[in-house]
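On the provided structure of chain A, position chains B and C as indicated by the hints.
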Amino acid sequence: MAEVGIILRQGVDFARQWLVGMGATPFQALVASKVFETTVTISVILAIPLFLVYAERKISAFMQARLGPMHTGPWGLLQTPADTLKLFFKEDIVPQGADPLIHLMAVVLAAAPVFVCFAPVPFGRGFPLINLDTGILFVFAVSGISTLGILAAGWGSANKFSMLGGIRGAAQMVSYEIPRALSVVPVVLFYSSLNLQTIACAQMVRWHGWMPKWFIFYPGIGQIAFILFLIASVAETNRIPFDIPEAESELVSGYHTEYSGMKFAFFFLAEYVYVFLSSALAATLFLGGGDGAAFLPSWVWFTLKTGAVIFLFLWFRWTFPRLRVDRLMQFCWQFLLPLALVNIVLAAAWITWKTA
Amino acid sequence: MTLETGIFYGLGGLLLILSLLVVTTRNLFRGALALSTALGVMAGLFVLLGGDFLAAGQLLIYVGGVMVLILFVVMFVQTPALFRAPQTNRRWIPALVLGAGVAAVFIHIFYTVPMPEETLAPAAPTSAALGKLLLGDMAVPFEVVSLILLAALVGALVFGLEREL
Amino acid sequence: MTLAHVLILSALLFAIGVYGVLARRSLIAILMSVELMFNAANLNFVAFNHFLHPDNLWGHGIVLLVITVAAAEAVVGLALVIAIYRNTQNLNAEDLHLLHD
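Line by line, the protein sequences are chains A, B and C. Numbering (my numbering) for the first sequence: 203 to 558. Numbering (my numbering) for the second sequence: 35 to 199. Numbering (my numbering) for the third sequence: 5 to 105.
In short, the hints are calculated from the structure, not lab data. As the structure is a prediction and not an experimental result, all values here were calculated from the model. Backbone N, C-alpha and C fix where the C-beta goes; we use that ideal spot for every residue, glycine too. Fair warning: there could be bad hints in the mix.
To be verified - Pair by pair, the computed Cβ-Cβ distance ranges are:
no., chain 1, residue 1, chain 2, residue 2, range
1, A, T557, C, T92, 55 to 65 Å
2, A, F522, B, L54, 32 to 42 Å
3, A, S235, B, V139, 45 to 55 Å
4, C, L56, B, L169, 20 to 30 Å
5, B, K166, A, M531, 32 to 42 Å
6, B, K166, A, T227, 30 to 40 Å
7, A, L248, B, P159, 47 to 57 Å
8, C, L84, B, L54, 18 to 28 Å
9, B, A185, A, Q230, 47 to 57 Å
10, A, L543, B, L191, 40 to 50 Å
11, A, V407, B, P159, 20 to 30 Å
12, B, L48, A, F522, 37 to 47 Å
13, B, L54, C, N96, 16 to 26 Å
To be verified - Here's a subset of chain B near chain A, in silico, CB distances under 7 Å, partners left out:
no., residue
14, F63
15, S70
16, D86
17, A90
18, L93
19, L94
20, G98
21, L105
22, P159
23, S161
24, L164
25, L167
Unchecked claim - Examples of chain C residues toward chain B, derived with CB under 10 Å:
no., residue
26, A8
27, H9
28, A19
29, L40
30, P58
31, G63
32, V67
33, L69
34, A75
35, L84
36, L100
37, H104
Next comes chain A alone, as it looks inside the complex (with noise of 0.2 Å):
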């Protein structure tokens, strides 16, 4: 197989020359490239969630010894299309007394903010889209604009559990992002740089000429980032365990109670998009991102490593119990964010060490 990034991007440059050959200004070309480019990658980003949502319910089936959808199509292959169908056709409600702007409003912030984080991130030699200097500090921003979306859609629903899962779900964000930042922090110390690029590139060397020098093989300090990005990632994305702004048993769906059809499918899309852009950032930040063997193409090594991450998600739900509000504050607060600081005084020290 060969290298798809190499190869998109040779062909985009000929295609940029040939429309300069046709009287195009080169910047008009180049406009007229990236939108291509961004167009591409939005529909490719888009059709994730099918993926996804396909497998998380086989997955989870395996995982509680029963076989998940199988009537639809060979091996339930169609059930994600036809729930899609299904939500495309379902009346769309807006409650009496909600605010029909910002209900809508809600699914936008929520739901916009993601395919844009997709920009920097590197799926392997020849990508990413835009070789972004703040890189990460991009991805942490953009992404921070969807809990704006969650509280709308809590105070668009005009209903009181609603509201209270937003305010939860708000809250439960922003304190997880803390400790998410906190933890990159160190990966951010070693290779001196915010760019997704460079952090990928500067892991494909090798210790001792075959043990990879991937940040999760530090000792210690690439270990506990790992986990602390890990588990904050899962919070960020309000998934079991950290659900509690949607959890079925307590609060009937939360802050998406109120929203049917496509508004819902969106919602749903968002989250396993996100669940697709954590996966994809741990595997650049900490896992090498499209590093490896030379028998496989680096997107293919990226894909692999970002499904490893994705089966950890998945793994996760039926793993843990939920944790209740107050002790996943308490959790965030009082023992990822320490943890957090230890860790940056500890990547700080071994650099200190090692350069002295």
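Okay, now just chains B and C, sitting in the frame of chain A:
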């Protein structure tokens, strides 16, 4: 009309419309959402003026932190009936005159006082240089601001506690 | 896009913030207008840095400090708002005159 100027006019117009929405709307939740969007547009203007780290910081702190806090408080204290009450007090005409006067004075200054010569540098990433500055020349204000944050944290706790300390 | 354009935009933003502070009734609305004024000043700093002193980054550094101090001020202001609401159930700035008559 280059692309830069066009984007500046577009973002600037959007910013002014959104901020007018913030100061005139009766529905405080919509006003807070408009303010969040205005701060996001402001981050775009920062990028246009060469501050990429600053734009990410503005989104992270202002939109992701301060606006979430303001929306929390709006949700706690507002009932939907209050959203139809008039939101301007008795002194809005003098306020309008004063606002227009402030704008007129500033614009007059910017048109009459000769500005120094503008030198433009090519766009460069600012993260590393900003880090060196904050921990080098600007280390004292940096530490003082951390003390301010500590004082704000303790003060908010004291004001927010329901029982006596 | 010259320096004058950006300064005029920030002046208009500041004036809108001034109107909001002086003419609004609810305390939270006044706080939001103060945030607008902070952002106008930040835009000024970044514009001066970009157009007049492109060789250093003091403008960006000061803007970071202003953002932080504004966040701290918003926190304390909102805690005060909650305390006032708990005691008087009323957030109109005109009705809070316990210190005079």
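Hint by hint, here is what the structure shows:
For T557 of chain A paired with T92 of chain C, a C-beta distance near 59 Å keeps the hint of 55 to 65 Å intact. A C-beta distance of roughly 49 Å is found between F522 of chain A and L54 of chain B, which places it outside the suggested range of 32 to 42 Å. In this structure the supplied range 45 to 55 Å holds for S235 of chain A paired with V139 of chain B, their Cβ-Cβ distance being about 47 Å. In this structure the supplied range 20 to 30 Å holds for L56 of chain C paired with L169 of chain B, their Cβ-Cβ distance being about 25 Å.
In this structure the hint that K166 of chain B and M531 of chain A lie 32 to 42 Å apart at CB holds, the actual value being about 36 Å. About 38 Å separates the C-beta atoms of K166 of chain B and T227 of chain A, a value consistent with the hinted range of 30 to 40 Å. For L248 of chain A and P159 of chain B, the Cβ-Cβ distance of about 31 Å falls outside the hinted range of 47 to 57 Å, so the restraint is violated. A hinted range of 18 to 28 Å holds for the C-beta pair L84 of chain C and L54 of chain B, which are about 27 Å apart.
Roughly 53 Å separates the CB atoms of A185 of chain B and Q230 of chain A, a value that falls within the hinted 47 to 57 Å. At roughly 20 Å, the beta carbons of L543 of chain A and L191 of chain B sit outside the given window of 40 to 50 Å. For V407 of chain A and P159 of chain B, the hinted distance range of 20 to 30 Å is satisfied, since their beta carbons lie about 24 Å from each other. Judged by the Cβ atoms, the range 37 to 47 Å given for L48 of chain B and F522 of chain A holds: they are separated by roughly 44 Å.
The hint said 16 to 26 Å for the Cβ distance between L54 of chain B and N96 of chain C, and at roughly 22 Å that hint holds. Residue-level restraint check for F63 of chain B holds (minimum Cβ-Cβ distance to chain A is 6 Å; threshold 7 Å). Here the hint on S70 of chain B is kept, as its CB sits about 6 Å from the closest CB of chain A, short of 7 Å. Contact between D86 of chain B and chain A, as hinted, is supported at the beta carbon level, the nearest pair being about 5 Å apart and thus within 7 Å.
Interface restraint check: A90 of chain B against chain A, minimum CB-CB distance 4 Å, threshold 7 Å, status holds. For the restraint placing L93 of chain B at the interface with chain A, the shortest Cβ-Cβ distance is roughly 4 Å, inside the 7 Å limit, so the hint holds. About 4 Å separates the beta-carbon of L94 of chain B from the nearest beta-carbon of chain A, less than 7 Å, and the hint is met. Hint on G98 of chain B holds. Least Cβ distance to chain A is approximately 3 Å, under the 7 Å limit.
The restraint placing L105 of chain B at the interface with chain A holds, with a minimum CB-CB distance near 5 Å, inside the 7 Å limit. Because the smallest distance between the Cβ of P159 of chain B and any Cβ of chain A comes to about 4 Å, under 7 Å, the interface hint for this residue holds. A least Cβ separation of about 5 Å between S161 of chain B and chain A falls short of the 7 Å threshold, and the interface hint therefore holds. About 10 Å separates the beta-carbon of L164 of chain B from the nearest beta-carbon of chain A, more than 7 Å, and the hint is not met.
Proximity of L167 of chain B to chain A is violated relative to the hint, the smallest CB-CB distance being about 16 Å (cut-off 7 Å). Taking 10 Å as the C-beta contact cut-off toward chain B, the hint placing A8 of chain C at the interface holds, the least distance being around 5 Å. Here the hint on H9 of chain C is kept, as its CB sits about 7 Å from the closest CB of chain B, short of 10 Å. Using the Cβ-Cβ criterion of 10 Å, the hint placing A19 of chain C at the interface with chain B is satisfied: the shortest such distance is roughly 4 Å.
The interface hint given for L40 of chain C is met, as the beta carbon of that residue sits about 5 Å from the closest beta carbon of chain B, less than 10 Å. Because the closest C-beta pair between P58 of chain C and chain B is about 4 Å apart, less than 10 Å, the hint holds. Of the supplied interface hints, the one on G63 of chain C holds, with its beta-carbon coming within about 8 Å of a beta-carbon of chain B, less than 10 Å. Residue-level restraint check for V67 of chain C holds (minimum Cβ-Cβ distance to chain B is 6 Å; threshold 10 Å).
Residue-level restraint check for L69 of chain C holds (minimum Cβ-Cβ distance to chain B is 5 Å; threshold 10 Å). Given hint, A75 of chain C at the interface with chain B, holds; its Cβ is 5 Å from that chain's nearest Cβ, closer than 10 Å. The closest approach between the C-beta of L84 of chain C and any C-beta of chain B is roughly 6 Å, which is under the 10 Å cut-off, so the hint is satisfied. A hinted interface residue such as L100 of chain C counts as satisfied when its beta carbon comes closer than 10 Å to some beta carbon of chain B; here the least separation is about 12 Å, so the hint is violated.
Checking H104 of chain C against chain B by beta carbon gives a least distance of about 16 Å; that is not within 10 Å, so the hint is violated.
In the structure shown, a violation is registered for the earlier hints numbered 2, 7, 10, 24, 25, 36, 37, in ascending order.
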